[in-house]
Amino acid sequence: MSKPRVKIPSSAAAGEIITIKTLITHKMESGQRKDKQGKPIPRMIINSFECTFNGQRVFSCDLEPAISANPYLQFNARVPESGEFEFVWKDDEGSVFSDKKKITVA
Amino acid sequence: MTVLNKREFLIVATGAAAVALAGMPTIALGAEKADKRIAEFLGGATPSEGGLSLEMPEIAENGNTVPLTVRVDGEATADRYAESVLILADGNPEPGVATFHFSALSGTQEASTRMRLAKTQNVIAVAKMNDGSFMRTDNLVKVTIGGCGG
Numbered sequence: 004m005s006k007p008r009v010k011i012p013s014s015a016a017a018g019e020i021i022t023i024k025t026l027i028t029h030k031m032e033s034g035q036r037k038d039k040q041g042k043p044i045p046r047m048i049i050n051s052f053e054c055t056f057n058g059q060r061v062f063s064c065d066l067e068p069a070i071s072a073n074p075y076l077q078f079n080a081r082v083p084e085s086g087e088f089e090f091v092w093k094d095d096e097g098s099v100f101s102d103k104k105k106i107t108v109a
Numbered sequence: 061m062t063v064l065n066k067r068e069f070l071i072v073a074t075g076a077a078a079v080a081l082a083g084m085p086t087i088a089l090g091a092e093k094a095d096k097r098i099a100e101f102l103g104g105a106t107p108s109e110g111g112l113s114l115e116m117p118e119i120a121e122n123g124n125t126v127p128l129t130v131r132v133d134g135e136a137t138a139d140r141y142a143e144s145v146l147i148l149a150d151g152n153p154e155p156g157v158a159t160f161h162f163s164a165l166s167g168t169q170e171a172s173t174r175m176r177l178a179k180t181q182n183v184i185a186v187a188k189m190n191d192g193s194f195m196r197t198d199n200l201v202k203v204t205i206g207g208c209g210g
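Residue numbers (our numbering), protein chains in the order written: chain A, 4 to 109; chain B, 61 to 210.
Just chain A, same shape as in the assembly:
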């Protein structure tokens, strides 16, 4: 099934801005393709992504069919203190995929 992968530093200075890279495997069926019989293949994509830190929203994204298969999302976050980042992806069927990463502020 859809597998998320997140790359994030394990520690940061207080107030430092870090870069977070995320990837999730997903076909991102756009709804534009047709099968061999000429019937349209229905759309089925990851349509939302959200990153929170200690429960507060950092960054989120609404995805549409023009996002490539295996959606890659890279963004930055300011780290005020030690805590946990949570990453949540949702698709058109209502499936939810998530990952969590802790970070230590020295």
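By construction, these hints were calculated from the structure, which means they are not laboratory data. Hints are not guaranteed to be accurate.
[What the hints assert, rightly or not] Cβ-to-Cβ under 10 Å is the rule here; a few derived chain A residues that face chain B:
| # | residue |
| --- | --- |
| 1 | I21 |
| 2 | K24 |
| 3 | Q35 |
| 4 | E53 |
| 5 | T55 |
| 6 | F56 |
| 7 | Q59 |
| 8 | P83 |
[To be verified] Straight-line C-alpha distance at most 25 Å; calculated SDA-like pairs for lysine to any residue:
| # | chain 1 | residue 1 | chain 2 | residue 2 |
| --- | --- | --- | --- | --- |
| 9 | A | K105 | B | A164 |
| 10 | B | K96 | A | N50 |
| 11 | A | K24 | B | A164 |
| 12 | A | K93 | B | T129 |
| 13 | A | K103 | B | R174 |
Glycine included, each C-beta is placed from N, C-alpha and C at the ideal position.
On the provided structure of chain A, position chain B as indicated by the hints.
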């Protein structure tokens, strides 16, 4: 038949689940749809130029996965951040690509992803700041192998 074979070759060549975009509407229709979404997003406001940039290759080798970085100038603060940045492609069957939402915790307001481009076209970014102001930037991206060719 030739077009289909070209697509199949690409699928094998890239080794990924490539998505071929079929049934292309005219260039005018795509641009019209994009304009409509921009107008809805702006809600009557006029976007300024500057303070927003779209980084994309001048020429995309593979229309199935084209890297994109959008950047709003200035670090995010509780007083000023980009609430929504809408990304559209005016030559795709549907113009919507993504909408990024930054926050006071974003640090620098930039995000990268990879998108599908059916053919050579304009990629447009429109940013809505938390104070209700808007910015816009357009990028022409040439596509050598897309759904319909360059």
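We went through each hint and held it up to the structure:
1. I21: Holds. Min distance 8 Å.
2. K24: At about 9 Å, which falls below the 10 Å cut-off, the nearest Cβ of chain B leaves the hint on K24(A) intact, so it holds.
3. Q35: 5 Å, holds
4. E53: Holds, about 9 Å.
5. T55: The hint holds - T55(A) has a Cβ within 10 Å of chain B, the shortest such distance being about 9 Å.
6. F56: 6 Å, holds
7. Q59: 6 Å, holds
8. P83: 8 Å, holds
9. K105(A) to A164(B): Given that 25 Å is the threshold and the Cα spacing comes to 20 Å, the pair holds.
10. K96(B) to N50(A): With a Cα-Cα distance of about 21 Å, the restraint between K96(B) and N50(A) holds, given a limit of 25 Å.
11. K24(A) to A164(B): 19 Å, holds
12. K93(A) to T129(B): 22 Å, holds
13. K103(A) to R174(B): 23 Å, holds
The structure meets every hint from the earlier list without exception.
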